[in-house]
Amino acid sequence: MTAEAWAPTAPAQTRHRWRLPTRLRNLELLLLVFACAINGAAILLVQLGALGHVDFALLYYCAALAALVFLLHVCLRVSAPHADPLILPIVTVLNGLGIAEIYRIDLELGQSGWQSAGVRQIAWTAIAVACAIAVILVVRHHRMLQGYTYLFGIGAIVLLLLPMVPGLGRTVFGARIWIAVGPFSFQPGEVAKLFLAVFFAGYLVQHRDALSLVGRTVLGVRLPRLRDMGPILVLWALSMAVIVFQRDLGTALLYFGLFLVMLYVATGRVSWVAIGVVLFAGGALVASRTLPYVTARFQNWLDPFNPHVYDATRGSFQLVQGLFGMAYGGILGTGLGQGRPATVPLAQSDYIIASLGEELGLAGLFAILALYLLFVSRGFRIGFSGRDDFGKLLAVGLAFTVALQCFIVIGGITRVIPLTGLATPFLAAGGSSLTANWIIAALLLRLSDTVHDQPRVVV
Amino acid sequence: MNRELKRVSVVVLAMFVALLVSTSIIGAVRSDSLAADPRNSFTLADARLAQRGSILVDGRAIAKSVPSKDQYKYQRVYTNGPVYSSVTGFFPVNGAPTGIEGALNESLSGTSGSQFLTRLTDTLTGKHPQGASVELTIDPSLQKAAYDALGSLKGAVVVLQPKTGRILAMVSRPTFDPNTLAGHNTAQLDATYKALLAAPTRPLVNRAIGGNLNYPGSTFKPIVAAAALDSGTYTADSTLPDVAALRLPGTDSYVHNAERTKCGDGNTVTITLAMIRSCNIPYAELGMKLGADTIRAAAEKFGFGHAFDIPIPVTPSIYPDDYNVPQTGLSSFGQASTRATPLQMAMVQAAIANGGLVMQPNLVEWVKSANLHTLERFTPKVFDRAMSEQTANTLRQIMVEDVKKGVASNATIDGVDVGGKTGTSQNGPGLPYTLWFTGFAPAQSPKYAIAVVVEDGGGEGQSGVGNTIAAPIAKKVLEAVLKK
Chain A
0 MTAEAWAPTA PAQTRHRWRL PTRLRNLELL LLVFACAING AAILLVQLGA
50 LGHVDFALLY YCAALAALVF LLHVCLRVSA PHADPLILPI VTVLNGLGIA
100 EIYRIDLELG QSGWQSAGVR QIAWTAIAVA CAIAVILVVR HHRMLQGYTY
150 LFGIGAIVLL LLPMVPGLGR TVFGARIWIA VGPFSFQPGE VAKLFLAVFF
200 AGYLVQHRDA LSLVGRTVLG VRLPRLRDMG PILVLWALSM AVIVFQRDLG
250 TALLYFGLFL VMLYVATGRV SWVAIGVVLF AGGALVASRT LPYVTARFQN
300 WLDPFNPHVY DATRGSFQLV QGLFGMAYGG ILGTGLGQGR PATVPLAQSD
350 YIIASLGEEL GLAGLFAILA LYLLFVSRGF RIGFSGRDDF GKLLAVGLAF
400 TVALQCFIVI GGITRVIPLT GLATPFLAAG GSSLTANWII AALLLRLSDT
450 VHDQPRVVV
Chain B
0 MNRELKRVSV VVLAMFVALL VSTSIIGAVR SDSLAADPRN SFTLADARLA
50 QRGSILVDGR AIAKSVPSKD QYKYQRVYTN GPVYSSVTGF FPVNGAPTGI
100 EGALNESLSG TSGSQFLTRL TDTLTGKHPQ GASVELTIDP SLQKAAYDAL
150 GSLKGAVVVL QPKTGRILAM VSRPTFDPNT LAGHNTAQLD ATYKALLAAP
200 TRPLVNRAIG GNLNYPGSTF KPIVAAAALD SGTYTADSTL PDVAALRLPG
250 TDSYVHNAER TKCGDGNTVT ITLAMIRSCN IPYAELGMKL GADTIRAAAE
300 KFGFGHAFDI PIPVTPSIYP DDYNVPQTGL SSFGQASTRA TPLQMAMVQA
350 AIANGGLVMQ PNLVEWVKSA NLHTLERFTP KVFDRAMSEQ TANTLRQIMV
400 EDVKKGVASN ATIDGVDVGG KTGTSQNGPG LPYTLWFTGF APAQSPKYAI
450 AVVVEDGGGE GQSGVGNTIA APIAKKVLEA VLKK
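These protein sequence lines map, in sequence, to chains A and B.
Okay, so the first sequence: first residue is 0 according to numbering that gives the first Met the number 0, each after it adds one.
Okay, so the second sequence: first residue is 0 according to numbering that gives the first Met the number 0, each after it adds one.
Hints listed in this document are in silico derivations from the structure and should not be mistaken for laboratory results.
Treat the hints with care, as some may be off.
Some, not all, of what chain B presents toward chain A, calculated at C-beta under 10 Å [stated by the list, open to error]: (1) K5; (2) S8; (3) L12; (4) L18; (5) L19; (6) T22; (7) S23; (8) A27; (9) D31; (10) F41; (11) T42; (12) T238; (13) P240; (14) V242; (15) L245; (16) G249.
Far from chain B, by Cβ distances over 12 Å, these chain A residues were calculated [claimed, not checked]: (17) L28; (18) H52; (19) L58; (20) Y60; (21) C61; (22) S111; (23) I126; (24) A286; (25) S384.
With beta-carbon atoms standing in for the labels, derived distance ranges [said to hold, decoys possible]: (26) A27/B / T21/A: 19 to 29 Å; (27) P344/A / A27/B: 21 to 31 Å; (28) H183/B / W113/A: 44 to 54 Å; (29) V77/A / D31/B: 49 to 59 Å.
Owing to the predicted nature of the structure, the values given are computational and were not obtained by experimental measurement.
Note that the Cβ used here is the ideal one computed from N, Cα and C, for glycine as well.
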């Protein structure tokens, strides 16, 4: 990072010179300009590739979005000057690439105005960034959240149950994870994951001592006491309920994986992980035998090219066409606006990664994966350097949801694991996911700032 | 806590490494085999933009793709479009191709499995992909003669090479110009297609191998004769009762001969004479004695009930399996619910001309990739033996007699012995007849087997017969190659 040349002020401090707040913020500004340049170029390339000319109307919308992101940057200068300088640029570039690709598929499908997912995604981005600004301004210190631990827990349960409320819930592609009010639809589960992360962090900080206690040793593994099994069983039951009643394998895996990792980090007991993996694998195995939609998912994963599986009603058509699309993109891709991403069903939402893989190629996918990894590592860095357990756990939990969600979606599309419908963070079309993930980014920004404020005790 | 965090970091790193590996496998390692999958819509869409291979007749392109400046990059052009449309079909930019364009679409577009290597080298060398070319078995002079001979009549002509099954001519009229369906203006294309589809003359139907199929009428009699002679119970001189009217058992319906008289002079008539004079009553009697199962078994050996791919899919000709005795009687002169394509009836004559062997009909001489690599080559294939060689020779003589002295006299060609059988099938009270001629020439060593069908009575309602309308067409077609 050669921020020196750009920094207007350079106080003569020898150690950690670049950690000075103004330098952090200037680096962020520089990277933000770069991110916006990438996004603008992506939109331009899409227009040149698919339309053959430049359409300024959309560029104005995007410029307005960029202005909003710069507003967030200004808020950080005022309210969280020590915040991590990489998080905002990473999120901005991911969000922008997502908009460019969604817009590209709109062009292929011939959709415009509010009918087009791209314009809606731009609107949702505005809402999401506004939410992030609100979070930065309202949550002045992450300990504020700790006080509402159980409120977040109850909130998460309510959000999860909302789609089951008759008249409010909607079933989309077989999964009952949506609510609809008038023309607006929302996936409360996306926000629930955020609430759960806060709740788990607060709860585990309080109860980690009891959960760390060791019971009997079986086969060399020190098992926890049976009476402490309550929380993990409740979480297991919750995720199984999501699989059975909401028919959403990916979300169940996300919640349970999040809990397991936070539990492990809080207690340091590998046995919890072992118990959790056995419980979930057992549940998933039973589900794959008894629930037709899960059976189909497993079959599609194991034998997608079999003509019978390919042509079946819940068959592997989408999975296989997605693979074809990415293979068609090859190493360098067709170029933005020059492929045929709309060939694959749900190319704008669940399958945005396959669409990007086709047009940006393997090189583009590697860059996107690197951005995610960098984002997650910034979160973990906060976890490493944090001084209070709540902050550490929360940072790890939030960063891990992003990592796990990426793995579940991209792993599903690329046949690492069975395909389950989840939104790719920041990229996929969909307001709920976008808002939730921007709030995660805002919380990580806040955490990185407050962590810095605290006196350093032990590294 | 940091120790645990480190371990979790390693797990997260492993997760991302898994994703890097999986995306690499798809995007780089296996991308070629994924691209070669016939279900790959991405490469299929590319194929639509590739330079499609030509369809050739005698080395000359009757369908080819020439560069165009619009988004489709190439324009399909058909030479003598209407003459060959029954064979080529058409290739619309916004729909499914038909005819050879459809049946050999993968080869022509370059997406067939055998062209994988060519496609791969094209991609590597940056050459624009090209499809394979297809040479047809069609003889241009026969095709043109058949097209002209049918003129404005509604019908079809098929000419086969009896020894091999090569289809030398295949014409269905009225037809269309495939150039009108090859345009790049999709709205106009849809309008043209709809108009052709709605036209009462049904020009898009290929009557040579499909459509509603016609009653074969008397052209079916050789099949009954073949079954009878092969049964061992009958010879060509076996006699059948000769009456002026035959009441079908268990009904009030009567069968008459075409002239409403007896067939011969005595009380009996031979199988040969009944064929030459095309008498219905003796054949109804013969058929009822043989039974529907025997006739069906014989018909199926000729190809009835089989869906041939030439490689255009052919509608199977029908000899139903639920005939009662009177229906069996009617079916013996090609009525009841018996229906056949001209291709099938040409195959019957080809089998007689080929010592009883039925050859698989085919239109494709060879398929060659853009770099002149032969991907497919015509090889004669036997479909079945329809009758003994002796029976075939006997029937061949009867067929020649039929043209020389019988009711197929209008197919006579000076200096060449022609064998054949006419047919005049009834479509119901007051409806115009369907007129047939099926035959072969030259009789000594047959090079051509032909079937001509004319629908709607050839414009003459119930006045025209096979010999007056269909036989002269066959004569004109065969003369184009025999009288040189």
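### Message
Quick check on the hint: T238/B CB to chain A CB, less than 10 Å?
### Response
violated, 59 Å
### Message
Looking only at beta-carbon atoms, does the pair A27/B, T21/A fall within the given range of 19 to 29 Å?
### Response
This hint is violated: roughly 44 Å between Cβ atoms.
### Satisfaction of the F41/B interface hint, Cβ to chain A closer than 10 Å
holds, 4 Å
### Hint check: 10 Å Cβ-Cβ cutoff, S8/B to chain A
Since chain A brings a Cβ to about 6 Å from S8/B, closer than 10 Å, the hint holds.
### Task
Starting from the range 44 to 54 Å, see whether the pair H183/B and W113/A falls in it by beta-carbon distance.
Because 33 Å falls outside the window, the suggested range is violated.
### Task
State, for the Cβ atoms of P344/A and A27/B, whether the hinted interval 21 to 31 Å holds or is violated.
Given range 21 to 31 Å: holds, Cβ gap about 25 Å.
### chain A contact restraint on L18/B - CB to CB distance below 10 Å
holds, 5 Å
### K5/B as chain A interface residue, shortest Cβ-Cβ below 10 Å
holds, 8 Å
### Query
Under the criterion of a CB-CB separation shorter than 10 Å, is G249/B in contact with chain A as hinted?
violated, 50 Å
#### Entry: Hint check: 10 Å Cβ-Cβ cutoff, S23/B to chain A
holds, 6 Å
### Closest C-beta approach of L19/B to chain A relative to 10 Å, hint status
holds, 6 Å
### Query
Under the criterion of a CB-CB separation shorter than 10 Å, is L12/B in contact with chain A as hinted?
holds, 8 Å
Checked against the numbered hints given earlier, the structure breaks hints 12, 13, 14, 15, 16, 25, 26 and 28 and satisfies all the rest.
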